[in-house]
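Colleague: In case you want the letters, here they are:
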Amino acid sequence: MHEWSLAEAVVSAVSQIAEKEGLKEVRKVQLRLGELQQVDKKILKFALSQMKSGKLGKTKFTIRTIKAEFMCRKCNHKWFLREVDIADEIRESIHFIPEVAYAYFRCPKCGSPDFEILKGRGLWIAEIKGVK
Amino acid sequence: MLDPRVSIIDKRLSNIDRIIVVSSGKGGVGKSLIASTLALLFERKGFKTGLFDLDFTSPTTHVVLGANNLRPIEDRGVVPPEIHGIKYMSLVFYLGEHVSPLRGTDLSNAFLELLAITRWGKLDFLIIDMPPGISDLMLDVLKYIKKANFLVVTSPSKMAFETVRKLIGLLKDLKIPIIGVIENMKIGGSTYIKRQIEALGEKFLGEIHFDIKVEDALGNVDKLLETRFARELDGITLRMQEEKRF
Numbered sequence: 001m002h003e004w005s006l007a008e009a010v011v012s013a014v015s016q017i018a019e020k021e022g023l024k025e026v027r028k029v030q031l032r033l034g035e036l037q038q039v040d041k042k043i044l045k046f047a048l049s050q051m052k053s054g055k056l057g058k059t060k061f062t063i064r065t066i067k068a069e070f071m072c073r074k075c076n077h078k079w080f081l082r083e084v085d086i087a088d089e090i091r092e093s094i095h096f097i098p099e100v101a102y103a104y105f106r107c108p109k110c111g112s113p114d115f116e117i118l119k120g121r122g123l124w125i126a127e128i129k130g131v132k
Numbered sequence: 001m002l003d004p005r006v007s008i009i010d011k012r013l014s015n016i017d018r019i020i021v022v023s024s025g026k027g028g029v030g031k032s033l034i035a036s037t038l039a040l041l042f043e044r045k046g047f048k049t050g051l052f053d054l055d056f057t058s059p060t061t062h063v064v065l066g067a068n069n070l071r072p073i074e075d076r077g078v079v080p081p082e083i084h085g086i087k088y089m090s091l092v093f094y095l096g097e098h099v100s101p102l103r104g105t106d107l108s109n110a111f112l113e114l115l116a117i118t119r120w121g122k123l124d125f126l127i128i129d130m131p132p133g134i135s136d137l138m139l140d141v142l143k144y145i146k147k148a149n150f151l152v153v154t155s156p157s158k159m160a161f162e163t164v165r166k167l168i169g170l171l172k173d174l175k176i177p178i179i180g181v182i183e184n185m186k187i188g189g190s191t192y193i194k195r196q197i198e199a200l201g202e203k204f205l206g207e208i209h210f211d212i213k214v215e216d217a218l219g220n221v222d223k224l225l226e227t228r229f230a231r232e233l234d235g236i237t238l239r240m241q242e243e244k245r246f
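Chains A and B supply the protein sequences, listed in that same order. Going by our numbering, the first residue of the first sequence is number 1, and it counts up by one from there. Going by our numbering, the first residue of the second sequence is number 1, and it counts up by one from there.
Just chain B, with the same shape it has in the complex:
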């Protein structure tokens, strides 16, 4: 028995110039916020941008974007709806308020199904928001998304970094491109994370300070883009562009 979905994935992603996978070994470090804000920043710079929320059991990018009552358009598959100029895909469109308790095989099946039916069209950037950890969906992204470039997020915590170190080790072993590492929710002046990243031979992209105003800006993208968090992320993206990291 052969699964026909696998054969169509490359075609579905063929008109996307760059795929940036925002990931971390640990949850709660700000992946979804960074992925969503990155998509907004790219769109504001004039890039055709997509955002794909792969955190199937706990999706939250819709909270950041204030995306309510959206539904993909059915047209020989599904065309992602646009919000704030971003083509946006999330399992939340089909779940509503319901919880989705999925085991590994089911996560992989939902991933394959969405990749096979979603017609992204022409994009300069597709940003993928990963679930935390190094399990089924990470392995599926590595297997099926050949153009994946990883943007790794950590917090200043040694606990978060312990998992990030392992993620970076895996990506390096598999020769998967790593754009670099962002230290998010920075408090204090420690250079621990920077030194550790550089010791691993990877690019430390910069730090984003803990910004108490972000919480109030969730769901209001104009307000979000005015926060120190968004300005610091924008500074990092500008440097990445200058250095041709994407």
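So that you can see chain A by itself, here it is in the shape it has in the complex:
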């Protein structure tokens, strides 16, 4: 599952920062998860719990989902992911590579393929709290 590779990247990034900042222990990590990629939050949490070790052994991960919002560069129309009807196969492709959305989505107002993903793409580390 893709969630496992994302969890691996998070654990790796947080471990590197903990090392760099001289943290003895990482207590809390806040993640922002873009809705576009349709990552299974439960699987991601489970993968994080299985992969954390060492300075991250007791880390609590919190994940906040960010709604995916788009804006047309041609007519400035804004829309949300929930307004788009997506076939399962396309959904799976976007799950792996969110930019694939540009191949399948069009502005619902003017039909342009030239739009921007304003919010809700990918996974980000928002905050790390630890003990020195």
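Calculated from the structure, these hints are not laboratory results. Small disclaimer: the values here were computed from a predicted structure and weren't measured. Fair warning: there could be bad hints in the mix.
Below, simulated SDA-like cross-link-like pairs (lysine to any residue); rule was C-alpha separation at most 25 Å, straight line [to be verified]:
#1 132/A <-> 3/B
#2 129/A <-> 2/B
#3 26/B <-> 121/B
#4 42/A <-> 112/B
#5 45/A <-> 112/B
#6 74/A <-> 162/B
Fit chain B to the supplied structure of chain A, relying on the hints for placement.
Modeller: Chain B in isolation, oriented as in the chain A frame:
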């Protein structure tokens, strides 16, 4: 806000001995054909080989390989499917017949995503087919792929070489290893490109003559490897191996 993908890239590429980036300043000089055929030649020599198509908006290596209906395997990320013994990754798996109109930031995001999730495993060679030009993806390769060695392709055209000269200048400024330059689609006996490359202090790896039979061989790798094009590329790779250029 921190992007966690960046931290995992080195690990994903850690079991790859050599990364060869096939590039040019100009399109239409035969990068994709050379990258794909190079991967096939390495595989036939017994090397574990991967091919990564970075031409996200206009991928074509699948046409050379005759790779249809492939899909990466999901296993804690994605494992590239194998075709003709090559581990192969391309955005085309997720695009099908659809066009992918991507701007710079989106190209970089797709690149980072694929690097972060693709589990290449142990490889002797990873061949990367670059898009033409010196823009976002070139800068991303230079930034994120530390083991990149550049194999530069030009045609005999002075127009193509003008862009190749600039690419070589950039790579030299940044002290990025350049394996050498191949002159592809050679017609006539001009030594212009060879002289120019040598004047730049770079290795002229050889010339590959324009081969009209290549077009009919696209999608049929056995037929492709029998063309004069493939034989001449094989000759260049043998010389490169002898000279320990990779």
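Colleague: Hint by hint, note whether the structure agrees.
Modeller: Against the structure, the hints:
no., hint, result
1, 132/A <-> 3/B, "holds (23 Å)"
2, 129/A <-> 2/B, "holds (14 Å)"
3, 26/B <-> 121/B, "violated (32 Å)"
4, 42/A <-> 112/B, "holds (24 Å)"
5, 45/A <-> 112/B, "holds (22 Å)"
6, 74/A <-> 162/B, "violated (35 Å)"
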